[in-house]
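Asks: Please build the complete structure, drawing on both the sequences and the hints.
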Amino acid sequence: MSGPSDYQPSNPALQWIERRLPIIGLVHSSFVVYPTPRNLNYWWTFGAILSFMLGMQILTGVVLAMHYTPHADLAFKSVELIVRDVNYGWLLRNMHACGASMFFFAVYVHMLRGLYYGSYKEPREVLWILGVIIYLLMMATGFMGYVLPWGQMSFWGATVITNLFSAIPYVGESIVTLLWGGYSVGNPTLNRFFSLHYLLPFLIAGVVVLHVWALHVAGQNNPDGVEPKTEKDTVPFTPHATIKDGFGVACFLLLYAWFIFYMPNYLGDADNYIPANPGVTPPHIVPEWYYLPFYAILRSIPNKLAGVIGMFSAIIILCFLPWLDAAKTRSSKYRPLAKQFFWIFVAVCILLGYLGAQPPEGIYVIAGRVLTVCYFAYFLIVLPLLSRIETPRPVPNSISEAILAKGGKAVASVAIALVAAGALFLGSLQDARASEGNDRPPGNKWSFSGPFGKYDRGALQRGLKVYKEVCSSCHGLSFIAFRNLAEAGGPGYSVAQAAAFASEYKVKDGPNDAGDMFERPGRPADYFPSPFPNEQAARAANGGAAPPDLSLITKARSYGRGFPWFIFDFFTQYQEQGPDYVAAVLQGFEDKVPEGVTIPEGSYYNKYFPGHAIKMPKPLSDGQVTYDDGSPTTVAQYSKDVTTFLMWTAEPHMEARKRLGFQVFVFLIIFAGLMYFTKKKVWADSH
1108 MSGPSDYQPS
1118 NPALQWIERR
1128 LPIIGLVHSS
1138 FVVYPTPRNL
1148 NYWWTFGAIL
1158 SFMLGMQILT
1168 GVVLAMHYTP
1178 HADLAFKSVE
1188 LIVRDVNYGW
1198 LLRNMHACGA
1208 SMFFFAVYVH
1218 MLRGLYYGSY
1228 KEPREVLWIL
1238 GVIIYLLMMA
1248 TGFMGYVLPW
1258 GQMSFWGATV
1268 ITNLFSAIPY
1278 VGESIVTLLW
1288 GGYSVGNPTL
1298 NRFFSLHYLL
1308 PFLIAGVVVL
1318 HVWALHVAGQ
1328 NNPDGVEPKT
1338 EKDTVPFTPH
1348 ATIKDGFGVA
1358 CFLLLYAWFI
1368 FYMPNYLGDA
1378 DNYIPANPGV
1388 TPPHIVPEWY
1398 YLPFYAILRS
1408 IPNKLAGVIG
1418 MFSAIIILCF
1428 LPWLDAAKTR
1438 SSKYRPLAKQ
1448 FFWIFVAVCI
1458 LLGYLGAQPP
1468 EGIYVIAGRV
1478 LTVCYFAYFL
1488 IVLPLLSRIE
1498 TPRPVPNSIS
1508 EAILAKGGKA
1518 VASVAIALVA
1528 AGALFLGSLQ
1538 DARASEGNDR
1548 PPGNKWSFSG
1558 PFGKYDRGAL
1568 QRGLKVYKEV
1578 CSSCHGLSFI
1588 AFRNLAEAGG
1598 PGYSVAQAAA
1608 FASEYKVKDG
1618 PNDAGDMFER
1628 PGRPADYFPS
1638 PFPNEQAARA
1648 ANGGAAPPDL
1658 SLITKARSYG
1668 RGFPWFIFDF
1678 FTQYQEQGPD
1688 YVAAVLQGFE
1698 DKVPEGVTIP
1708 EGSYYNKYFP
1718 GHAIKMPKPL
1728 SDGQVTYDDG
1738 SPTTVAQYSK
1748 DVTTFLMWTA
1758 EPHMEARKRL
1768 GFQVFVFLII
1778 FAGLMYFTKK
1788 KVWADSH
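Quick note: the sequence shown uses this note's numbering, first residue 1108, plus one each step.
Keep in mind that the hints were calculated from the coordinates and are not lab data.
Remember, it's a predicted structure, so these values are computed and weren't measured experimentally.
Honestly, I wouldn't trust all of these hints.
[What the hints assert, rightly or not] Cross-link-like lysine-lysine pairs, in silico, DSS-like; alpha carbons within 27 Å at most:
#1 K1552 - K1575
#2 K1411 - K1435
#3 K1714 - K1725
#4 K1615 - K1575
#5 K1339 - K1615
#6 K1339 - K1575
#7 K1561 - K1765
#8 K1575 - K1561
#9 K1435 - K1446
#10 K1572 - K1722
#11 K1765 - K1788
#12 K1184 - K1615
#13 K1184 - K1613
#14 K1765 - K1552
#15 K1339 - K1788
Replies: Printed below as a string of structure tokens:
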């Protein structure tokens, strides 16, 4: 443990400060000469990774809050304007959104490591409980942050989760009303959640300080679970642990950057690119992947109050783990039975996560109940029983005597379990989002796919022409300004061409000096005008169905590819489900309705559209739009061109994102290599 510092600075100014505020000595004793067990493996680097991720989330969150508007009518648009108009706003948004998943991934590894190696046992009970408190605060912060984009899944997720508190007897309804700020989820709810989401990370940082303080009082646990006895058992924290943690953080950043630059929407939900609509409920309301096991426990219990109690108990029970497991041997490395049951517990958590993403019906409900019993049985029956009947293997007398090479099997097992968990979670999410009863859209070869993908300028210009001559009569592009047509990464027009294109549109402006509204030619700063003055007019002109805005349509539509494709998609960076779906729908109209399918009057059959009945008539036909470059004037070509253009409207900075991503990856690979060889040299004399 760290004690009073003997650090004496040589600089007179630092000596003056140290006598009055010995903060440098505190840092020196806690993070420089602090004795660290020499047998710590790489699973201990996740503590440093979590500290880094907390800092990144706070930093990016503060900057994003400068541009975000917490209003129900403006929140969705403000997020999109951050991505499109703020310098590197897309990077900040991706770092923050993907960082939430990376944060939870790291904390689950951190917790599983503590569970496996007995880091909750005496004298580290307070350290463990503080960790559980941090986890609870993270869950609350993550939930509130997920609501802020005010998309469909955000809105309905907030509605479902906050409604759970109504199950509390006597005060439940009052709590829900307080959270909502009214009698339904709305603008006051968004303001409350924004305020709390902004403040809670600083509370988390405060509890993290207590967590680190408790760690330095009790000392670090280690894979063998024996306390350091001599100086041979430890090494100074700096440079040994810092350089090892630095290498671990560098490797983790490679995974983090993979999502930021190449797979930013892989962990998200397509429905969240649709503005919140209280009148339309998504077919499957699925929380983020890191909540799925607890969501499964909630749904597996038929009584609402009992389900809420079960969900929260699944987390709170972790606080009592130091007393539920009374075994004297800490590490499962020396407890054969405990090790086997630990992996069974991991499998139970993985399966609960899978069930949390499935519809609550049939076998899924029964399996959820069985696994919920298994989850609680691990803590309430298995661990107390093992502490009485298990005979552990002999534990080394000291760290210096431990044979570290035997720990490789456990490391490999943890890695396999985590990969399986991630694959199953992500696969179950995609299965939950799949369209039911529809043909799967065929895949296409897109110029913008892959790590070096770029937009086809010809396709963008042709797609813009198709949009203008066909789509613009019903669909708007509310997030695209005419000036965007001349920006880097876009269709490749000059500023003069963009201005000329804008002048072809009539834009409503005013009032003028007489107080009247008037029409004028469009300017580059104007946004594409909507074909209808409001949603009611759009519905009246289209048989009761409002044509969606097309700015984000390729990100707001998706389909489940199922197992094992979602695993391949991670490595191949395939994220073109949206473009595939849009192109398929444009080509999926058929005049002859298949037998057994009934289409309501006023609707048209489309084999790729959910439910097959679509209000939009067939929009494209061969020869409808003339191309000046000699490209085929077919429905297939029109569909691919306009989809490419709509992909650009949804991701105008895609080329810059991938270009910067390549540079960051090169840097991180070189940096990780340098850190690895530096670590090898630093540790060469310590083994």
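Asks: Compare the structure with each hint and give your call.
Replies: The hints, checked one at a time:
1. K1552 - K1575: holds, 24 Å
2. K1411 - K1435: violated, 39 Å
3. K1714 - K1725: Distance of about 12 Å is within 27 Å: holds.
4. K1615 - K1575: Distance of about 18 Å is within 27 Å: holds.
5. K1339 - K1615: violated, 79 Å
6. K1339 - K1575: violated, 75 Å
7. K1561 - K1765: Holds. K1561 to K1765 sits at ~9 Å (cutoff 27 Å).
8. K1575 - K1561: holds, 23 Å
9. K1435 - K1446: Holds, at roughly 15 Å.
10. K1572 - K1722: holds, 23 Å
11. K1765 - K1788: violated, 35 Å
12. K1184 - K1615: holds, 20 Å
13. K1184 - K1613: Roughly 23 Å separates the two Cα atoms, so the pair holds.
14. K1765 - K1552: holds, 18 Å
15. K1339 - K1788: holds, 19 Å
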